[in-house]
Structures are given as structure tokens and as C-alpha cells.
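S.K.: So you can see what is in the structure, the chains are spelled out below.
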Amino acid sequence: DVKVTQSSRYLVKRTGEKVFLECVQDMDHENMFWYRQDPGLGLRLIYFSYDVKMKEKGDIPEGYSVSREKKERFSLILESASTNQTSMYLCASSFGGLGQPQHFGDGTRLSIL
Amino acid sequence: GEDVEQSLFLSVREGDSSVINCTYTDSSSTYLYWYKQEPGAGLQLLTYIFSNMDMKQDQRLTVLLNKKDKHLSLRIADTQTGDSAIYFCAEGQDQAGTALIFGKGTTLSVSS
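Chains as they are written, first to last, in this note's numbering: chain A, 3 to 115; chain B, 914 to 1025.
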């Protein structure tokens, strides 16, 4: 079974802090994704990566950056956390071929106070 | 641009069939997916269908695709309380390395 592991289920940080969310997958997937999920807005893509050291902006990249130094790990960074970044963050991964489904982690519920 | 639409809520009685509908706009979509999200959890892949198929059945789940109308449905037979969750429809395009486009999700509530 595919395993996508997010480092924290719940996280509370303060405004202005630098926040790191980590995601690791164990299936040698080429693609990795970060989404945020908010009530009434569904899933919105923040960034994705199709290879080590490669990244592409999604729909809402502002205020975020990412890092992919190793194939299995994709980090989401909030450079200076703000209260409007309070959300559920979901990581996903997939193989790089056509039509490959994404597999999701359990999510990190992040609160910025 | 691309868009995926779903109704927000569906309420059914235990034992009935549930039908969750989805429409998409991108005619180049090649793969269509259904995901399930239980409270506090991530998304779990339920099933997916290629655009050259009309129907796919997997135990209690039946997926119907009407490519002409760009309409996708998920039917759950003999719905159980454990099926209560949010169901997301997603479309993928015929291009490697692109992200899926998700609908906002349909909350299915099953009453006993």
C-alpha cells in the first residue's frame, strides 16, 4: 500500500513564525503536491513538484514556498505565518505517467494564532 | 478555465442507493476520479475511470460517464452509515506531470 506521511496531524504556531510542514512518501513517486482545504472552497493547489529540485506554482502560491531535495520528501514552508493561513493542509503523491491517481496523507490541521 | 462542479449535500437513508453527480468543463480530460474523505482524514481514492469508458463497477460502487454531456456520477448501492463522508470528483488531463482539478466535494449523510 502507498504510504504518504505528514509529520504532524495538528500544529499551532504564532503569527510571523516560519513554519515547516513535512511530507514523505514511500512509493518512489515522481510527483508530489501540496493542497490546502477550507470549508466551502474545496481543495486548492499550492505547489507541486514533478522531480527532485523541480517545483511548479499552483493556484494559490502566495505566502508559501516548497523544497524537494530528495525524491521522497516534499516540504511546504510558510515564510511568515499569518492568520489567514489557518487551514487543513494535504500532501499527495503520484507516479509520473499519464492518468496516475494521487495518494493523500492524513492532513495537517494548522492553526496560526 | 477548467472547472468541476458538484452539489454540496446529499442525504439518504441506510439501505438506499446514493447517486453523487459531477460535471466538468474540460473536454480534454482523460481520467476522472472519485475520492472519499472521512472526518479529520485525508482523501482516499475510491475509483477512477478513463474517458474511453462509459461505466465501471467495483462492488457497491458504479461510475457512469457521459462524455458528451461531461457528466460523471458515482452510485453507491445499499448505502451504509459508514459511507457518510465527503466525496470529491476530480479530473486529470492527458498530460503527464499536471495536477488534478477537484470539485468542492459532496457531503453524504446517511441516516439509520
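Calculated directly from the structure, the hints in this document are not laboratory data.
Given the structure is predicted, the values throughout are model-derived calculations rather than measurements.
Mixed in with the good hints there might be a few duds.
Said to hold, decoys possible - For the chain B half of the interface with chain A, some residues (derived, Cβ under 7 angstroms), not all of them: (1) Phe922; (2) Tyr961; (3) Leu1013; (4) Phe1015; (5) Lys1017; (6) Gly1018.
What the hints assert, rightly or not - Heads up, simulated SDA-like pairs for lysine to any residue below, C-alpha to C-alpha not over 25 angstroms straight-line: (7) B:Lys981 with A:Asp108; (8) B:Lys983 with B:Ala954; (9) B:Lys983 with A:Gln102.
Claimed, not checked - Across the chosen pairs, the derived CB separations fall in these ranges: (10) A:Thr88 with B:Ala954: 28 to 38 angstroms; (11) B:Arg973 with A:Gly42: 49 to 59 angstroms; (12) B:Leu974 with A:Thr7: 20 to 30 angstroms; (13) B:Leu974 with A:Met29: 19 to 29 angstroms; (14) B:Pro952 with A:Ser69: 38 to 48 angstroms; (15) B:Asn965 with A:Val54: 25 to 35 angstroms; (16) A:Leu115 with B:Phe963: 24 to 34 angstroms; (17) A:Glu81 with B:Lys969: 22 to 32 angstroms; (18) B:Thr943 with A:Ser67: 42 to 52 angstroms; (19) B:Pro952 with A:Leu115: 22 to 32 angstroms; (20) B:Phe963 with A:Ser82: 38 to 48 angstroms.
Just so you know, even glycine gets a beta-carbon here, dropped at the ideal spot from N, CA and C.
S.K.: Check each numbered hint from earlier against the structure, then list the numbers of those it violates in ascending order.
M.R.: 1, 7, 8, 10, 11, 14, 16, 17 and 18
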